[in-house]
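Place chain B on chain A using the hints.
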Amino acid sequence: MTVEQLSVFVENRPGKLLEALETLGDANVDLRALSLADTSDFGILRIIVDSPSNAFNTLGEAGFLVKSNDVLAVVIGDKPGGLAAIVRILSDAGVNIEYTYAFVAHSRDNAYVILRVDDNDEAIKVLSKNDVTLLSSKELYSM
Amino acid sequence: MNYYQPQIECMPKDEMKKHQSELLIRQVRHVWDNVSYYKDKMIKANVKPDDITSIDDLYKLPFVTKDDLREAYPYGLLGVPIKDAVRIQSTSGTTGTRVVAFYTQHDIDLWDDCCARALAAAGSTKEDVVQVSYGYGLFTGGPGMNGGSHKLGSLTLPMSSGFTERQLQFMCDLSATVLCCTPSYAEYLAETIEESGLRNKIKLKAGIFGAEAWSNEMRRRIEEKLGIKAYDIYGLTEITGPGVSFECSEQTGMHINEDHFAAEIINPDTGEVLPIGSKGEIVFTCLTKQAFPLLRYRTRDICILSHNDCSCGRTLKKMSRLMGRSDDMLIIKGVNVFPSQIETVLIEYGLSANYQLVIDRKNHTDTLEVKVELNPDMFSDTVRAVETRERELREKIKNILGIDAKVTLVAPKAITRSEGKAVRIIDNREI
Numbered sequence: 000m001t002v003e004q005l006s007v008f009v010e011n012r013p014g015k016l017l018e019a020l021e022t023l024g025d026a027n028v029d030l031r032a033l034s035l036a037d038t039s040d041f042g043i044l045r046i047i048v049d050s051p052s053n054a055f056n057t058l059g060e061a062g063f064l065v066k067s068n069d070v071l072a073v074v075i076g077d078k079p080g081g082l083a084a085i086v087r088i089l090s091d092a093g094v095n096i097e098y099t100y101a102f103v104a105h106s107r108d109n110a111y112v113i114l115r116v117d118d119n120d121e122a123i124k125v126l127s128k129n130d131v132t133l134l135s136s137k138e139l140y141s142m
Numbered sequence: 000m001n002y003y004q005p006q007i008e009c010m011p012k013d014e015m016k017k018h019q020s021e022l023l024i025r026q027v028r029h030v031w032d033n034v035s036y037y038k039d040k041m042i043k044a045n046v047k048p049d050d051i052t053s054i055d056d057l058y059k060l061p062f063v064t065k066d067d068l069r070e071a072y073p074y075g076l077l078g079v080p081i082k083d084a085v086r087i088q089s090t091s092g093t094t095g096t097r098v099v100a101f102y103t104q105h106d107i108d109l110w111d112d113c114c115a116r117a118l119a120a121a122g123s124t125k126e127d128v129v130q131v132s133y134g135y136g137l138f139t140g141g142p143g144m145n146g147g148s149h150k151l152g153s154l155t156l157p158m159s160s161g162f163t164e165r166q167l168q169f170m171c172d173l174s175a176t177v178l179c180c181t182p183s184y185a186e187y188l189a190e191t192i193e194e195s196g197l198r199n200k201i202k203l204k205a206g207i208f209g210a211e212a213w214s215n216e217m218r219r220r221i222e223e224k225l226g227i228k229a230y231d232i233y234g235l236t237e238i239t240g241p242g243v244s245f246e247c248s249e250q251t252g253m254h255i256n257e258d259h260f261a262a263e264i265i266n267p268d269t270g271e272v273l274p275i276g277s278k279g280e281i282v283f284t285c286l287t288k289q290a291f292p293l294l295r296y297r298t299r300d301i302c303i304l305s306h307n308d309c310s311c312g313r314t315l316k317k318m319s320r321l322m323g324r325s326d327d328m329l330i331i332k333g334v335n336v337f338p339s340q341i342e343t344v345l346i347e348y349g350l351s352a353n354y355q356l357v358i359d360r361k362n363h364t365d366t367l368e369v370k371v372e373l374n375p376d377m378f379s380d381t382v383r384a385v386e387t388r389e390r391e392l393r394e395k396i397k398n399i400l401g402i403d404a405k406v407t408l409v410a411p412k413a414i415t416r417s418e419g420k421a422v423r424i425i426d427n428r429e430i
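Sequences listed follow chains A and B, in order.
Numbering follows numbering that gives the first Met the number 0, with no gaps: position 82 of the first sequence is 81.
Numbering follows numbering that gives the first Met the number 0, with no gaps: position 10 of the second sequence is 9.
Note that these hints are calculated values from the structure, not bench results.
Among the hints, erroneous ones may be present.
[Stated by the list, open to error] Only pairs whose alpha carbons sit at most 25 Å apart, straight line, appear in this in silico BS3-like list of lysine-lysine: (1) B/Lys200 with B/Lys125; (2) B/Lys59 with A/Lys66; (3) B/Lys228 with B/Lys200; (4) B/Lys125 with B/Lys228; (5) A/Lys66 with B/Lys370; (6) B/Lys405 with B/Lys370; (7) B/Lys395 with B/Lys412; (8) B/Lys224 with B/Lys200; (9) A/Lys15 with B/Lys405; (10) B/Lys228 with B/Lys150; (11) B/Lys405 with B/Lys361; (12) A/Lys15 with B/Lys412; (13) B/Lys204 with B/Lys125; (14) A/Lys15 with B/Lys370; (15) B/Lys16 with B/Lys59.
[To be verified] Pair by pair, the computed Cβ-Cβ distance ranges are: (16) A/Ser141 with B/Arg428: 56 to 64 Å; (17) A/Met142 with B/Arg428: 52 to 60 Å; (18) B/Asn374 with A/Asn109: 35 to 43 Å; (19) A/Asn11 with B/Arg428: 22 to 30 Å; (20) A/Thr38 with B/Ile346: 23 to 31 Å; (21) B/Asn199 with A/Thr38: 44 to 52 Å; (22) B/Leu197 with A/Ile96: 52 to 60 Å.
[As the list claims (entries may be wrong)] Facing chain B, from chain A, some residues (calculated, C-beta under 7 Å): (23) Thr38; (24) Phe55; (25) Glu97.
Computed from a prediction, not measured in an experiment: that's the story for all the values here.
The beta-carbon is built from N, C-alpha and C at its ideal position, and this holds for glycine as well.
Isolated chain B (complex conformation):
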C-alpha cells in the first residue's frame, strides 16, 4: 500500500493519543524552558508545565496568534540557540512585518517525512520522477515537497514556479510522473498541454496541489485534462509548511500528521474548543518541532475535523477542505495577502487614502488590482507626475506583498461604500 511510515500512519487511535500525550508533556517543558515569550503567556494564563498531563489538557494552554508572531519578531519564539537552527522560511504577516519560522535539522527531517507521506499517499515511489513546480526560497512549497521527494527516494526535479515552456519540456523529456504545484498553476499547465497537443507526451499519473483554495469541480477538470489523480495538501509556514495534512486515495479530506501536529477546532469568537465534527477554526500544536515550537497556533482557517475509519487504512484524523477564514486573509497566486499590508504601504506613503482590492482569475492566473483613491497631494496637472506616483506605489506594494499588482488611481469617493463602510475586497474568482 501507499504508505511511507505505516507504523505511524496506521497506528491504532488510542495508541496515537497516548503517543501525543507523551510528546505534548515533553514539548510544553521544552517551550517553558526555552521560549520566554510563551512562558510569560503561560504564567499570565496561570498554567504550569505540570498542569499538562495528557493531550486532553491542551485546552489549558494559551493560544499563539499572528499578533504574537509580530510582537516576537524576529527571534522571540526561537526555541533553540541559533547554533542549533539550520533554516529560515517565511510568509506574509498581517502588516509590513513578515512571519519568519525556524528549523533545526530534526525539524527539517520531520517536515520531509510529512511531505514524503503525502507523496507516498499519492502513489509516488522510488521509481517516480517528481516535478516540484512550487516556488523555492522563502516560500515553503518548493523546499517542503523537494525534501519529501528526496526522503521517499523519488527522482526530484526542482523546477520552481513559472517558465511554463521549460516546465512542459522537462515534464515531457524527463517523463515526470508526479506534479506538485498550486491548483491554479496545474490547471494552467493542463490547458497549455491541451493546446500544444502534448497530452500523449506526458507521463503524469498524480498531482499534489495546495497552497490555495480549490473546488472539487476544479479537481475533476485537472484530473481529466492531465489524465491523473489530483490530491490536496495543506500546510502553513508557522507550523512547518506543506505536509501538515495530506489527502489519500479516498479524496475526502486530508489526514493530519498527528504524531507531529495536534489539531483542535475552536469557535473563532470565543476560543472555546468544539467537539469533533463541528465547523470552526483549526488550531495546531507542534508536538515535536524544536526551533519554532508553536503551541495552539490559531491558523484562522475554517474547516471540520473528522475521525472516521478511512478506506486507505490510515487512522489519522482528517480535516475537510478549507471553508474560509476567520480573518480577511486572501490567497492570491498562492501568496497570503492581508488587506492590512496594503494599508501599511498607503500610510507609509503618506496616504490615508481609501483603497479596494479587486481579485480576478484570468487564464488560470490570479490578478490583483489595487484601486486607490487619489488625494490632492498625489494629484498633479502633469501626467508624468501622477504616473510616477502610481509606479512608486506599485513598486512598494510589490515589495511588501511579493506579487505584482496593478495600481489604479481613482477619483475621491469613487470606491463603493455600503452603509458608509468602504468595500475593501472584491473577489471575482470562480474556483
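This is chain A alone, in the form it adopts within the complex:
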C-alpha cells in the first residue's frame, strides 16, 4: 500500500515557492503533507495532496517540473521511540530510507510519517509483518 507523492523543482529564488503553492491553491488542491529539501541552488518541494493527478497537471501546465513517486504513509504510535521502531524494522530488512518527513493530522493518538525507501515492496512486507499500519491514498486524502 503506497501513496502518490509529487516532487516539484523549485529554484532557490525569492517567490518561487510561493508561486508553486499559489498554483496549487488556485487549482483547489489540498495539501496533506509537505517537505522541502533544499541545497544552495535549488529546492525540491515534496507534497502529498488530495488530488494528485489534478495537481500534477496544474503544476506541469504552469511550467513546473513535477515528478510522481510512490511512497509509504506510516502510522506510528505517538510515543517515545515510535519512529525508531519503524526504522529498526526496515534497517533489519536491509531497506534504505532515502528521506522521511512527519506530518500532523487531526487525530491525537497517532503520528504519521512519510517514508521514501529504495524498495517499497520489501518495506511493505516487513512493516505489515510487524503490524505497522500503512495508510492508503484514500485514507490519507480523507483525513
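What follows is chain B alone, placed relative to chain A:
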C-alpha cells in the same frame, strides 16, 4: 636599442614585401606538394602554385577555417612526415574536437625568435630574469615565452600558472625583472603584492601580458601597482602561439612578425580583402612554418592593421588591440571557450536542454557559470540524484573546456529569451 633581430624588425618596407613574396611562392609549393587537404581546396578554387607570383596574389588562395581544422583532425594538415615533426600544441576547437598544431625544430626555432623579439622589445636582455607564469603543456603561452626567453639568453623561470604564494616568493627571492602571464593574473598578482606589502621587494621592470583581452585602463592599473611598463602580445596556436605580434615601447599596437606571418584584413561576411586601416577580421598566412603551414587562416579576431612609421624604429606592420570576434568565442581564464562546446556536452548527456553562460570576473579571476534548464529526465525527488547529475555535468564540462565551471540547474524556461531566442551568453566582466 631593444631589438633581437634588427635586420628583420627594421627591414625597409619594400624589402620586406619582396622577402614575403619569395617566401610565399616557396610556401605555396610546399603546401601543394605536402598537404593534400589544402591542395584539394586549391584545385576546387582553381588556383595553382604558378598563379602565386608575389605576396599581392595572396587573395587568390582559399581560406582555412576552424571547420577545416576539425575536418582534417588530427593529421590532415600536417605538412611534413611525422619523423620530422617534434612538437604538438593544442587549443580548443568549436566542438569536442580540439585543435592540434605541429612543429618541426625549425618551426620551434622561428617561434622562439618571435617571442625573443617580443621580450627584447619589452627591454629584456641576457641580464634579466624572466618569470613565465603562463600555463605550460598543451597551451602555447608557457612554451612560447619560455623558448623566447632562452633564445634571448635571459635567465628563465618556468613558473607556469597558479600557486600565487610561490610565484611571489620566487619573484622576490630570485629578483625577477620581467613577468609573462595573462593580464588578469598580472592584476591579481599586483593586488596581492600590494596587500602583502611586497612592493619594495620586487624588482620587476616590465611585463608581457596576452592570451586575453584587456583595456588601456587595466594596463595603467597594472603598470602603476607593479611599477612596470606593460606590453601586449598576440598569438594563436593555429599560427604558432604567442609572438605572432608584439608591442613595442610606443604601446600603440602590436608589430606583426611579417617575415613569418603575412596579415590581411577581410570583411568577415564576404571574405573580401579590405584596404589597410579598415576594421575587419585578421587573416594570417604562415610563410615559413613547415609542419603546420596554414595559408590564409581565418582567426575570427577583429582588429585594424596600420603601417605608419613607429618611434621604436621597427618597420613591421602593426595590428590594433582586438576589437571583438566574428564568431561567438569567449576567452575565460585565458582559455578559448566556444558555446558550441557546451552544447556538445549537453547533447552527449542526452539533454536538448537550454543553457546560458554567465561570465564574471571576481578578484581578477574569471568565473564561469553554466545554467542548464532541467528536464524531466534529469529531475528526481531525491536531492542526491539531482546533485549527482549536476556533478557529472560539471565534470564533463571541465573535461571539454579545461576550466572549472559552476553548473546551476534551473527550472524549464527559466533562461531569458529575447524574441524567442535564448540569450546564451551574459558577460559581466569589466575589463
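Range first: 56 to 64 Å. Now tell me if the beta carbons of A/Ser141 and B/Arg428 are that far apart. holds (58 Å)
Hinted contact A/Glu97 with chain B - closest CB pair below 7 Å: holds (5 Å)
Between B/Lys228 and B/Lys200, is the straight-line Cα distance small enough, at 25 Å or below? Measuring from Cα to Cα gives roughly 17 Å; hence the hint holds.
Are B/Lys200 and B/Lys125 close enough, with their CA atoms no more than 25 Å apart? holds (22 Å)
With a cut-off of 25 Å on the C-alpha distance, tell me whether B/Lys224 and B/Lys200 pass. With a Cα-Cα distance of about 13 Å, the restraint between B/Lys224 and B/Lys200 holds, given a limit of 25 Å.
Satisfaction of the A/Thr38 interface hint, Cβ to chain B closer than 7 Å: At 6 Å from the nearest chain B Cβ, A/Thr38 passes the 7 Å test, so the hint holds.
Can the hint on A/Phe55 be confirmed by a CB-to-CB distance to chain B that is less than 7 Å? Violated, because the Cβ-Cβ distance from A/Phe55 to chain B comes to roughly 12 Å (cut-off 7 Å).
Going straight from one Cα to the other, do A/Lys66 and B/Lys370 come out at no more than 25 Å? Roughly 21 Å between the alpha carbons, so the hint for A/Lys66 and B/Lys370 holds.
What's the verdict on B/Lys204 and B/Lys125, does the C-alpha distance respect the 25 Å limit or exceed it? Distance ~14 Å between B/Lys204 and B/Lys125 Cα, so the pair holds.
For the pair supplied as a hint, B/Lys228 and B/Lys150, is the alpha-carbon distance within the 25 Å limit? Judged against 25 Å, a Cα distance of about 22 Å means the pair holds.
Next pair to validate is A/Lys15 with B/Lys412; report whether the Cα-Cα distance is within 25 Å. Given that 25 Å is the threshold and the Cα spacing comes to 14 Å, the pair holds.
Is A/Lys15 close enough to B/Lys370, meaning Cα to Cα at most 25 Å? holds (17 Å)
Checked against the numbered hints above, the structure breaks hints 2, 24 and satisfies the rest.
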